[in-house]
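Protein chains in written order, with the numbering used here: chain A, 77 to 205; chain B, 77 to 205.
Careful, some of the hints might be misleading.
One copy or two, it doesn't matter: identical chains are merged, so the pair holds either way.
Within a straight-line C-alpha distance of at most 25 angstroms, the following computed DSS-like cross-link-like pairs (lysine-lysine) qualify [as the list claims (entries may be wrong)]: (1) Lys85 to Lys109; (2) Lys184 to Lys157; (3) Lys157 to Lys180; (4) Lys165 to Lys109; (5) Lys157 to Lys109; (6) Lys176 to Lys165; (7) Lys157 to Lys85; (8) Lys109 to Lys180; (9) Lys176 to Lys109; (10) Lys176 to Lys157; (11) Lys85 to Lys127; (12) Lys157 to Lys127; (13) Lys109 to Lys127; (14) Lys184 to Lys109; (15) Lys127 to Lys165; (16) Lys165 to Lys180; (17) Lys127 to Lys180.
Hints listed in this document are in silico derivations from the structure and should not be mistaken for laboratory results. These figures come from a predicted structure and were not determined experimentally.
Protein chains: 2
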Amino acid sequence: MTIAEVAEKYGLTTDTLRYYERIGLLAPVPRTKGGNRDYGEMDLRAVDFIKCMRSAGVAVEALVEYVALFQEGDSAREARKEILTEQRKLLVTRIAELQKALDKLDFKIANYDTAVFEAEKKLKDTKEK
Amino acid sequence: MTIAEVAEKYGLTTDTLRYYERIGLLAPVPRTKGGNRDYGEMDLRAVDFIKCMRSAGVAVEALVEYVALFQEGDSAREARKEILTEQRKLLVTRIAELQKALDKLDFKIANYDTAVFEAEKKLKDTKEK
DNA sequence: TTACAACCTGGAGTGAACTCCAAGTCAAGT
DNA sequence: ACTTGACTTGGAGTTCACTCCAGGTTGTAA
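Generate coordinates for the entire structure from the input sequences, incorporating the hints supplied.
Structural data, given as structure tokens:
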């Protein structure tokens, strides 16, 4: 799969894909004879994972660390799990924050409706006088 | 309330508070005789709201726009509500993204446990031979 | 074989949101 | 009066995560 196809498929730009590879977020993608990237099954899985994590705000650095630990092989299994667990914790916290903001927004929006209602009522009162 | 106290109370830095004021996110805070900021009830409410929205990832620009619409008075009521509704929509989308990432993380973490279990089983099998 | 689009690399540039700094003012304690 | 520490302003610097660019190479269709 070419870089343009992968970019299209995951809603990223080719620049971003190259950037990810450059900083070691994506392991070196195999090249064709001519030197062009040719993404395979595993690469796509990795892209999908990264895309999902990034869209959830997981820091690039954490993901790079995680990917780097695959170089260490089995000895780093615990360390890798550690990172995932840590990020999971952060995510739970962040979801709670977003939820709190959502509640606040809902409250404020509801108040706007109430206020409009109040304004209408006042208008009606005025007319009735 | 001094800027340091407000910063402490909301877990922001004094620099951030001044920055917010500079860019019009926070209406000009009243000053003491000597020219120092003296945050009042309303200012604190505003800080709290901004802090909450920002921690949920609502863009500074959207909040500035919202705050600016208070200058227009009642005529901008609808516009203000519009912004809140728009941000609410974005938030719902973002929460879904975070949730999806959380699910993926949970799955991966569970796999680590399974893998460890498999490894242990293999080890046991080896011993039993 | 000749266009021409898509790809390559290394490096520079961008936008968002702070964060830091210099130079100065002011209030409180000794 | 003098020092100390918190405050002021305007402006410059930093970090993160891309995003763009120049200059060159490759693949495909006419």
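Right, here's what the structure says about each hint:
1. In the homo-oligomer, the alpha carbons of Lys85 and Lys109 lie at most 25 angstroms apart inside one protomer (24 angstroms), although the nearest pairing across protomers, at 61 angstroms, exceeds that limit.
2. Only between protomers do Lys184 and Lys157 lie at most 25 angstroms apart by alpha-carbon distance; the minimum there is 8 angstroms, versus 40 angstroms within a single protomer.
3. When the C-alpha separation of Lys157 and Lys180 is checked against a cutoff of 25 angstroms, the pair qualifies only between copies, where the shortest distance is 13 angstroms, while the shortest distance within a copy is 35 angstroms.
4. Taking identical chains as interchangeable, the C-alpha atoms of Lys165 and Lys109 are never at most 25 angstroms apart, the minima being 44 angstroms within one chain and 47 angstroms between chains.
5. Neither within a single protomer nor between protomers do Lys157 and Lys109 lie at most 25 angstroms apart by alpha-carbon distance, with minima of 37 angstroms and 57 angstroms respectively.
6. For the identical chains of this complex, Lys176 and Lys165 are neighbours both inside a copy (17 angstroms) and across copies (14 angstroms), given an alpha-carbon limit of 25 angstroms.
7. Within a single copy, Lys157 and Lys85 get their C-alpha atoms no closer than 28 angstroms, and across copies no closer than 35 angstroms, so neither meets the 25 angstroms cut-off.
8. In this assembly of identical chains, the alpha carbons of Lys109 and Lys180 never lie at most 25 angstroms apart, being 56 angstroms within a copy and 35 angstroms across copies at closest.
9. Taking the shortest alpha-carbon separations for Lys176 and Lys109, neither the intra-copy value of 53 angstroms nor the inter-copy value of 38 angstroms comes in at or below 25 angstroms.
10. Proximity of Lys176 and Lys157 under a CA criterion of 25 angstroms is satisfied inter-copy only: 18 angstroms between copies versus 29 angstroms inside one chain copy.
11. Taking the shortest alpha-carbon separations for Lys85 and Lys127, only the intra-copy value of 11 angstroms comes in at or below 25 angstroms, while the best inter-copy value is 36 angstroms.
12. In this assembly of identical chains, the alpha carbons of Lys157 and Lys127 lie at most 25 angstroms apart only when taken from the same copy (19 angstroms versus 32 angstroms across copies).
13. Taking identical chains as interchangeable, the C-alpha atoms of Lys109 and Lys127 are never at most 25 angstroms apart, the minima being 28 angstroms within one chain and 53 angstroms between chains.
14. In the homo-oligomer, the alpha carbons of Lys184 and Lys109 never lie at most 25 angstroms apart, since the shortest distance is 59 angstroms inside one protomer and 35 angstroms across protomers.
15. Taking the shortest Cα distances, Lys127 and Lys165 sit within 25 angstroms of each other both inside one copy (19 angstroms) and across copies (21 angstroms).
16. Within a single copy, Lys165 and Lys180 get their C-alpha atoms as close as 23 angstroms, and across copies as close as 13 angstroms, so both meet the 25 angstroms cut-off.
17. When the C-alpha separation of Lys127 and Lys180 is checked against a cutoff of 25 angstroms, the pair qualifies only between copies, where the shortest distance is 12 angstroms, while the shortest distance within a copy is 29 angstroms.
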